[in-house]
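**Student:** Here's the letter readout for the chains.
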Amino acid sequence: GDSVTQMEGPVTLSEEAFLTINCTYTATGYPSLFWYVQYPGEGLQLLLKATKADDKGSNKGFEATYRKETTSFHLEKGSVQVSDSAVYFCALKYSGAGSYQLTFGKGTKLSVIP
Amino acid sequence: EPEVTQTPSHQVTQMGQEVILRCVPISNHLYFYWYRQILGQKVEFLVSFYNNEISEKSEIFDDQFSVERPDGSNFTLKIRSTKLEDSAMYFCASQARTEAFFGQGTRLTVV
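Respectively, the protein sequence lines represent chains A and B.
So for the first sequence, the numbering used here puts the first residue at 1209; every next one is plus one.
So for the second sequence, the numbering used here puts the first residue at 62; every next one is plus one.
These are computed hints drawn from the structure, not numbers from a lab.
One should not assume that every hint holds.
Claimed, not checked - Computed cross-link-like contacts, DSSO-like style, restricted to lysine-lysine with a CA-CA straight-line distance of at most 30 Å:
no. : chain 1 : residue 1 : chain 2 : residue 2
1   : B       : K103      : A       : K1317
2   : B       : K118      : A       : K1276
3   : B       : K139      : B       : K103
As the list claims (entries may be wrong) - Derived list of chain B stretches under chain A, where covered just means 3 residues or more per stretch with a C-beta under 8 Å from a C-beta of chain A:
no. : region
4   : 97-109
5   : 155-164
Because the structure is a prediction, the values reported are computed rather than measured.
Ideal Cβ positions, reconstructed from N, Cα and C, are used throughout, including at glycine.
Here chain B stands alone, though its shape is the one from the complex (with noise of 0.2 Å):
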């Protein structure tokens, strides 16, 4: 069955570094997405990507992060310098018709 697949699974990074998070949907998908979820709190909608172009996006998604789609297959979700309140499990989702399709998750830790 086709999965949504993220990697690394756990990323540790130094305050200040830059980080890509990387995702790959599933192939005839149209849109794509990244949540987050900071531990012990919700899952928030972060920013979602049609037709090459972000079509929405939260407050959260400042000007440190940017997204990505840079060979047809690839979605990146990259933040230029990270914080530490930027630890979070960040999920990457694809969508066809009807259903959302989600990853497994970025655990990304920040020192």
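One chain only, chain A, in its complex shape (with noise of 0.2 Å):
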């Protein structure tokens, strides 16, 4: 079945450092993908999302691009702040269809340390 698979955390950082949270995606056809986060104590929110290869979604500083070579997603982002200490979330699900129900991966918790 359809998988995610993301890399292991926890991620500690500096402030200001370079980000990049790996994810791996396995799934028939051509999935839509996204990345959530998580901020403590609040729900899931959308962060970007790329609906097709090569697409890259952004937000916040944020980037990630819809790599069908080699089903990745990768989450980077030039310099993080204190700010974006949070669980983040790789999911995808197929375009198209009305439901959006999503699979994900584990979870990656980012700690950003001043």
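Join the two chains into one complex using the hints; note that each chain is given alone, in its own frame.
**Tutor:** Here it is as structure tokens:
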């Protein structure tokens, strides 16, 4: 079946460091790909998405590119801030379906220290 | 900004007891979902609900689970006889068109 694999956390970085969180997927067909973020005490929030190969999703300085050849959707940010400390989830769903049934990774906890 | 709200934030229950987790989706949304995350594991899809009936459910969603939208605003998940392995964070979500919005979750602890 479909699956999403994220790099194991936790990840601890100093402020202004470069961030990469790896995400690879296994799926039949052509899924849409997502990154969700969960700040402490809050729900899952959509951070960015990409719906087809070579699309780049971006938001709040974060970027991820849909790479079909490597089945990857790695999350990057050039300079992290303390406020980026959260748990990040990679997820997929099939494009076009009305339902929003998502397949998630385990999540990667990011801590940014001043 | 409209948001999905879940209550309670934390529920402790004894094994074998029934629990009801409550969610208030965003008012004009049409699809509703429950997901769960056992500690240290993946967020897993449980069930989707559309037009007052279940549209999809996972293998996890067995006869012990049920969902309802009793009054047009609340969306509930009931677990009839809780087991230790039901301990998890349960997330509700609702969807209008192209994006699902999640609640903050209910942490269920079965003792």
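**Student:** None of the hints should be skipped; say for each whether it holds.
**Tutor:** Evaluated hints:
Restraint check for K103 (chain B) and K1317 (chain A): the C-alpha separation of about 13 Å stays at or below 30 Å, so the hint holds. The suggested pairing of K118 (chain B) with K1276 (chain A) holds, with an alpha-carbon distance near 28 Å, which does not exceed 30 Å. The hinted pair formed by K139 (chain B) and K103 (chain B) meets the criterion: a straight-line CA distance of about 21 Å does not exceed 30 Å. Counting residues of the region 97-109 of chain B whose C-beta lies closer than 8 Å to any C-beta of chain A gives 8; at least three are required, and the coverage claim holds.
For the region 155-164 of chain B, the proposed coverage by chain A is satisfied: 6 residues have a C-beta within less than 8 Å of a C-beta in that chain, meeting the threshold of three.
Checked against the numbered hints above, the structure breaks none of them.
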